[in-house]
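Student: All chains should be built: construct the whole structure from the sequences, respecting the hints.
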Amino acid sequence: AASMALSSLGHVYTAIGDYPNALASHKQCVLLAKQSKDQLSEARELGNMGAVYIAMGDFENAVQCHEQHLGIAKALENKREEARAYSNLGSAYHYHRNFDKAMSYHTHVLELAQELEEKSIEMRAYAGLGHAARCMQDLERAKQYHEQQLSIAEDLKDRAAEGRASSNLEKNMVIRDTTGYQAGIIHQMKGDYETALKLHKTHLAIAQELSDYAAQGRAYGNMGNAYNALGAFDQAVRYHRQELQISMEVNDRASQASTHGNLAVAYQALGAHDRALQHYQNHLNIARELRDVQSEARALGNLGNFHCSRGEFPQAVPYYEQYLRLSPDLQDMEGEGKVCHNLGYAHYCLGNYHDAVKYYEQDLALAKDLHDKLSQAKAYCNLGLAFKALGDFTKAEECQKYLLSLAQSLNNAQARFRALGNLGDIFVCKKDVAGAIQFYEQQLALAHQVKDRRMEACAYAALGATYRLVQKYDKALGYHTQELEVYQELGNTSGECKAHGHLAAVYMALGKYAMAFKSYEEQLELGQKLKDPVVEAQVYGNMGITKMNVGVMEEAIGYLEQQLATLQQLSCNDALMDRGRAYGNLGDCYEALGDFEEAIKYYDQYLSVAQSLNRMQDQEKAYRGLGNGHRAMGNLQQSLVCFEKRLVVAHELGECGSKAQAYGELGALHSQLGNYEQAISCLERQLAIARDTKDKLLEGDASCGLGAVYQAMGEYETALRCHQSDLEIAEEAGSPTRQGRAYGNLGLTYESLGNYERAVVFQEQHLSVAAQTNDLAAKTLAYGSLGRTHHALQNYSQAVMYLQEGLRLAEQLARREDEAKIRHRLGLSLWASGNLEEAQHQLYRASALFETIRHEAQHSTDYKLSLFDLQTSCYQALQRVLVSLGMCSAVPCPLNVMVGDKRVFNAFWPLNTAGHHDEALAVAERGRTRAFADLLVERQTGQQDSDPYTPVTVEHILETVNSQRALVLYFSMAAGYLYSWLLAPGAGILKFHEVYLGEGVSDSGSEFQDGGGVGGMSSSSLEHYIFSAREALGVDSYYSRGCSSSETESEAGDLLDQQFEELNNKLNSVTDPTGFLRMVSRNNLFNR
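Numbered per full-length UniProt numbering, the sequence shown spans residues 1 to 1088.
It cannot be assumed that every hint is accurate.
As the list claims (entries may be wrong) - In silico lysine-lysine, DSS-like type, Cα no more than 25 Å apart, as pairs:
#1 K37 / K27
#2 K74 / K27
#3 K512 / K475
#4 K34 / K79
#5 K395 / K373
#6 K531 / K512
#7 K451 / K430
#8 K430 / K472
Derived by calculation from the structure, the hints in this document are not laboratory data.
Tutor: Here it is as structure tokens:
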């Protein structure tokens, strides 16, 4: 009685998962049986101990117990007990996944049952044989065994056994994988789901008839699995929830764990990822609570797969690693191999290729131990891909050839096809395009041989992509068109979608952007039918890039924003990286539109994403965009930091091309900063890399950059050699764009040498190439250069013609700085040709553009400084033209001006009826007050109430004069002339005077002195000119000597003196690091 009680207690402990106490109870039973010499009881208790050891995952001790059980049964010659021992041994080996041995033991059970004519034992034997056959994928034999099991149950009228048999038959049709690799995931084995559901319902009806609540739960679970396999996930959830409810009511924690796993699968399929994750986590928690290592391993594998399927590879890796830590206790090499495969894949997707190799090699070793050729083939395939990613093409090729050999021995056409494709890809990376094409053609031949149309389409795609790579676009279009036709014949929407994308890529390479866009539209329509946000996002991005290529940046921005909106639906790392690249493309768009501030914001976001995912190549691109953006805004120091960081990343990548480009851009920036030695150092490194890698085009780029630096240094002969080298390389490579660049640079260098005739020859060639390639930006520069050189040659009519063409293009391209420079130059050429009215118009427009560009908030002080001299020259030229117009239309006018009770003037003076002297005065004042306005802007940061940049007008000046009680004498130096205006309150301009100082240019000259400075003129010489001007204006000498400055000059002038004195006091290294305001204010005494 005590022994029976202890045995019953052991079964209770086993049911609740308390295996240590269960084992202790059964061990005591064995001792009691030995003491009472009850060998039959001892044998059965040994069998119970074996069952507990199996539950604990201790296979060795379990088998030992069952073998002792078998030995006693044989000694007693008890056939029935012998059958029970064989059955237990079969279950133990089944658990250990040794299905061959399991079947041999179950066969012993069957033979004994038939010898004893015991139908119940025979039925159990068929059940064991059916389970083992099913796990060996021998579905036909499994079905036969379970049908015999069901037949016996029906003969015995054992409804519970009948239900179990029905359930087993269903499992032969819809099987849940319990390997530990992906437990709970439904696999379609036979596809006879309707029959499966009928059997389930039979099982459920029997369980309900017998009031077997636990069996009802199992039936609901099996029905859930069937509905899951049918894709009816809502129904699957419904039945699994019922299963979970019952398992909770009967406190079956093990059943709860597996049901949570099944619910997770269904919810994941429905897209309810948060719920799925919670159920997967519940499965893991319960398994750990029960100390069920097998169940814990399944849960860990499922969690890793869940995150892997969502592209969340950093989250997946720890779960797979935890699984592998359990693997010694699992004794499941097949499951371990699959997890090694998944871990390798996760690291591959994260770019951790060395770790990927490590785990793929473990997967391969396990597959070899299992003598599993198919798993070996898969491992070699993945290992080869990892070696390819590391750039180790020799090992990659070796692995893919092993795959090919295994595929041939297995007579597996799919594996052979994959191996040939992978070998082709490796040869593309080795730049052996001919070898790659041979492999792809073998792929195509194999597809024809096995009459697999889908494989045929894949081969066409690979051939098309390879011919596109070598710029054989006709062949590429032909193959991609065949690819599309095959997919259309197959009704394969996904494949058709990809084919449209491939065709679009070829059209993009051909520059046929309209046709490319049409292909993308068709691809988008198919992607929307597929309801695939990944495809939609990719297509929106490509449509945006297409619009960027045709210069329609506003439309490009719209498509890229749609791409970002679509990517918001996705949370995987790939989607995050795509978002980063969309930010980069948006940055490129805004940079092209001249909105550099907005461009920098997007490049910053791109960089942030690239850094968060440790994508070095994208970091490099983001730094490049930031560097260019800051340089365009004039933030040259920030640009320098970005380009230096780009160079560091390029070195980490180890790619020669990236390093060379980084050195080139850094060199160009150092040149712009005036750091010529550093610029040459960077560009010579770029040149060395180009020569080491035998990259002629890169060598041409380096030569071009060096030529520009030497030109800036005034070493024109060296610059000519560099540009000539660039031209020779471009001609050898047949690159019209680079030829045009070289022609343009040679023209600029000859212009600097004063050899204008040669300069014209090269600029005409530059223009010709730009016209052939329809490069509007290059045409703009060529027209500008030709206009400038013809002006220098005094061919003013030709200069005007070229400059007008350049202006038209600059306006069309919205290149405002180029437009301002060309208008300035056009104004000078028109003035030189005698067209003063049109010259006045162009110079006005140029000065307004320069003012607008300089005052935009996004531009730095350095950038404003770079435009200062041009703006100064423009203002001075405009003054000269306006004065010239004034002199052409002057009439005599009597003057009687009184100040107080004194008559100051009594004479006739020629005044300009057109008012051009007034306008010249307003222009002079605008040029004088720019620095003061810039200071006000700095003080008014964040305040929008006033605009210090409001242009000065004649009315403003006269209003100031009218508020004074004295005459105002205003001086301005403009390109070698000293202009003087005498103004009186209420009368305006009384007199105007000009004197030639011998500096600057004459009316027909070609250049103005930068900033309108006084060159080497002494202070005494200038005072002499000013004194002469005062006399010429008729200012009374006594009045000049006897009155204070407050009586002879305006109070406004005194106020401006104070203001400029304040400016000069504040000009130090902190408030004015560039010296910009010092330069502006240096001539203030001469401008009033």
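Student: Now tell me if each hint is right for this structure.
Tutor: Hint check results:
1. K37 / K27: Within the cut-off at roughly 15 Å; holds.
2. K74 / K27: 21 Å, holds
3. K512 / K475: 16 Å, holds
4. K34 / K79: 21 Å, holds
5. K395 / K373: 20 Å, holds
6. K531 / K512: 28 Å, violated
7. K451 / K430: Not satisfied, since the Cα-Cα distance of roughly 31 Å exceeds 25 Å.
8. K430 / K472: With Cα atoms ~19 Å apart, K430 and K472 stay inside 25 Å; holds.
Hints 6 and 7 from the earlier list are contradicted by this structure; the remaining hints agree with it.
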